[in-house]
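Trainee: Quick note, the sequences are listed as chains X and H, same order. Each residue of the first sequence is one higher than the one before, starting from 1 at the first, in the UniProt record's numbering. Each residue of the second sequence is one higher than the one before, starting from 1 at the first, in the UniProt record's numbering.
Worth double-checking, as some hints may not be accurate.
[As the list claims (entries may be wrong)] Here are the simulated DSSO-like pairs of lysine-lysine, each with C-alpha atoms no more than 27 angstroms apart in a straight line: (1) X/K239 <-> X/K272; (2) H/K28 <-> X/K74; (3) X/K179 <-> X/K250; (4) H/K255 <-> H/K89; (5) H/K28 <-> X/K89; (6) X/K228 <-> X/K179.
Hints in this document: simulated from the structure, not taken from any laboratory. As the structure is a prediction and not an experimental result, all values here were calculated from the model.
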Amino acid sequence: MAGVSDAELKTMTQEERVTALGMRTEQLTGRSMFIEFDEAAEERFTYPWAPEVDFNKRTEIDTGEMTTTEVNRKIRALMAEGYGTIVLKDPRGKHSVGTGILSRLNLIIEGSIGYFGVGLIDGPNVRITGRVGWSCGENMMSGSVVIEKNAGSTFGAAIRGGDLVCRGSVGSRTGIDMKGGTIIVGGDTGALSGFMMQRGRMVVCGNAGKNLGDSMYDGTIFVGGEIKSLGVDAVEAEKTDLDKAWLTRKLTQYGLIDERGVDHFTKVVSGKMLWNYDNLEPTEKKMIL
Amino acid sequence: MCGIAGLIHKGKSSNVGGEMTAMLQALKHRGPDSTGYAVYGAPVEGDYVMRLKVAEADDMARGRGAHKLIEGRVAAVDEILAEHGAEVKSKESATEYALRYVISHAGDTAKLAAHIEETGGVEILSLGNGLELIKDLGDAADVAGLYGLNEFQGTHGIGHTRMATESDVDIRSAHPYWAFPYNDVSVVHNGQITNYWNMRRQMERGGHRFMSDCDSELLAVYTAHNLANGVELEDSLRRSIEEIDGVFTYLVATKDQLGMAKDTMAAKPLVLYESDDMIAMASEEVAIRAILPQEIDTTDPYDEEVRVWRA
Numbered sequence: 001m002a003g004v005s006d007a008e009l010k011t012m013t014q015e016e017r018v019t020a021l022g023m024r025t026e027q028l029t030g031r032s033m034f035i036e037f038d039e040a041a042e043e044r045f046t047y048p049w050a051p052e053v054d055f056n057k058r059t060e061i062d063t064g065e066m067t068t069t070e071v072n073r074k075i076r077a078l079m080a081e082g083y084g085t086i087v088l089k090d091p092r093g094k095h096s097v098g099t100g101i102l103s104r105l106n107l108i109i110e111g112s113i114g115y116f117g118v119g120l121i122d123g124p125n126v127r128i129t130g131r132v133g134w135s136c137g138e139n140m141m142s143g144s145v146v147i148e149k150n151a152g153s154t155f156g157a158a159i160r161g162g163d164l165v166c167r168g169s170v171g172s173r174t175g176i177d178m179k180g181g182t183i184i185v186g187g188d189t190g191a192l193s194g195f196m197m198q199r200g201r202m203v204v205c206g207n208a209g210k211n212l213g214d215s216m217y218d219g220t221i222f223v224g225g226e227i228k229s230l231g232v233d234a235v236e237a238e239k240t241d242l243d244k245a246w247l248t249r250k251l252t253q254y255g256l257i258d259e260r261g262v263d264h265f266t267k268v269v270s271g272k273m274l275w276n277y278d279n280l281e282p283t284e285k286k287m288i289l
Numbered sequence: 001m002c003g004i005a006g007l008i009h010k011g012k013s014s015n016v017g018g019e020m021t022a023m024l025q026a027l028k029h030r031g032p033d034s035t036g037y038a039v040y041g042a043p044v045e046g047d048y049v050m051r052l053k054v055a056e057a058d059d060m061a062r063g064r065g066a067h068k069l070i071e072g073r074v075a076a077v078d079e080i081l082a083e084h085g086a087e088v089k090s091k092e093s094a095t096e097y098a099l100r101y102v103i104s105h106a107g108d109t110a111k112l113a114a115h116i117e118e119t120g121g122v123e124i125l126s127l128g129n130g131l132e133l134i135k136d137l138g139d140a141a142d143v144a145g146l147y148g149l150n151e152f153q154g155t156h157g158i159g160h161t162r163m164a165t166e167s168d169v170d171i172r173s174a175h176p177y178w179a180f181p182y183n184d185v186s187v188v189h190n191g192q193i194t195n196y197w198n199m200r201r202q203m204e205r206g207g208h209r210f211m212s213d214c215d216s217e218l219l220a221v222y223t224a225h226n227l228a229n230g231v232e233l234e235d236s237l238r239r240s241i242e243e244i245d246g247v248f249t250y251l252v253a254t255k256d257q258l259g260m261a262k263d264t265m266a267a268k269p270l271v272l273y274e275s276d277d278m279i280a281m282a283s284e285e286v287a288i289r290a291i292l293p294q295e296i297d298t299t300d301p302y303d304e305e306v307r308v309w310r311a
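Chain X with its partners taken away, still in its complex shape (with noise of 0.2 angstroms):
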């Protein structure tokens, strides 16, 4: 929060810490803490050198003939003269479309766009009215981002925060290696999603794939439909009042909840306390290792 100096922060506790900039927080199945801010700590978490941007300056590109080069610095170069809602028409599924956008903006991708879109970014709200090929949103940060069609493989890889979204269905290896954040499905899951999966939650409203979570550290697998197979170190748990309210909240947030509700979605956690997490005995180790 406003005058709270980071010399403070630094002698408070991490519960004084929380107070102190204004979070909410909720402790979720096992070790993970669900933080969100709210709107007057956001101004922290914006970069020094991010271009003010105005929501209701907007402009289109026509990016059929040119390169994810070209289109990338064209975002930039709008984002400096203050453009803050960018419509981007006719990608034809340029890869890294969107990538490193690390500023407030509204991006609107109005088709379908290849490999690696929108990674690595920090802050953006993205609507992708097409589909997306593999690794989506990977390594994002924060923002969001909307996907009306399918997706591909890897789709969140890595990701730390925001929320990302898929309406449709998606590969295999969704949030492989997710630390943070939120991903939402709104059909189908391939293989190995959430595999090695250390933080945040992943929604599935449909199916999920073979070894779903497989290897997961933590973080929280919620799936509406049926499950093929749980993966090493997946396990079912118990859906806790806190985790329906947030499903119910995010799911009728993007639009995407049934007359069902929430109560037919199956919760999957870490079924084991990793040695790096915890000061475990150390036969407990070797079975880990």
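Based on the hints, put chain H in the right spot on chain X.
Mentor: Below, chain H without anything else, positioned relative to chain X:
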């Protein structure tokens, strides 16, 4: 990395050569070493199109000696065709080392093919009623230009852009592979096969021949082996997921079918577009967009997924 692409039109002929060129050129970044096509024109019963190479592209740098060598090999092929009673209806060469014959032949084509390949340096790339298999070094624009593929009319085709990882940069290691000696059967692959040598020895003991050290050739030989044992194409694709180790997404085309299989890890990509009159697939969406720029719905097949479509 490699890129694969395929398309099949239902109940109609189209400019498959031009379409495949556009798709493969869009995948150039996945493998610039060589490019190959297996395209299927209107089949003519009793007439066979035979594509063969009588040297590698690099051999031409040897100068006059190479030309003499090639002349000798072509003469040997002509002699064997005559011995088998095959009537040569036309004979063209896109390059000095790559020839296209149209032959009329009523005998055993497998035996004919085997005898032709007894000529050192000669490899039949394809032999079939509708299949034409073309592969060479360079990108799709280079190969299509050299072999006049941009106007090729047909129902379906598969293609490949190769980044050489498991074997040399040469035509014999380029894809597609013909499933020797099966009429009109071709294969392209993206991935690595880790039990290649075990499977190869098994296939060789069963009498199959390998022309390269490229692991992908195994998929063509494996398909041929299954077909020889009465296995349907779809069953062969399913069986391969159990019996072949490694990572692979591969496409198989026959005279009127196009099939795909993805391994258990789903580690190699494929994007699929299906409509009532055509199916297009490629390692990346950008290739499909090269022929269908309008907004379309596409999906990624899952692990262990097998699909077969008919023209």
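Trainee: Each hint: holds or not?
Mentor: Okay, the hints, checked on the actual structure:
no.: 1; hint: X/K239 <-> X/K272; verdict: 18 angstroms, holds
no.: 2; hint: H/K28 <-> X/K74; verdict: 25 angstroms, holds
no.: 3; hint: X/K179 <-> X/K250; verdict: 19 angstroms, holds
no.: 4; hint: H/K255 <-> H/K89; verdict: 21 angstroms, holds
no.: 5; hint: H/K28 <-> X/K89; verdict: 24 angstroms, holds
no.: 6; hint: X/K228 <-> X/K179; verdict: 24 angstroms, holds
Violation of the numbered hints given earlier is absent; every hint is satisfied by the structure.
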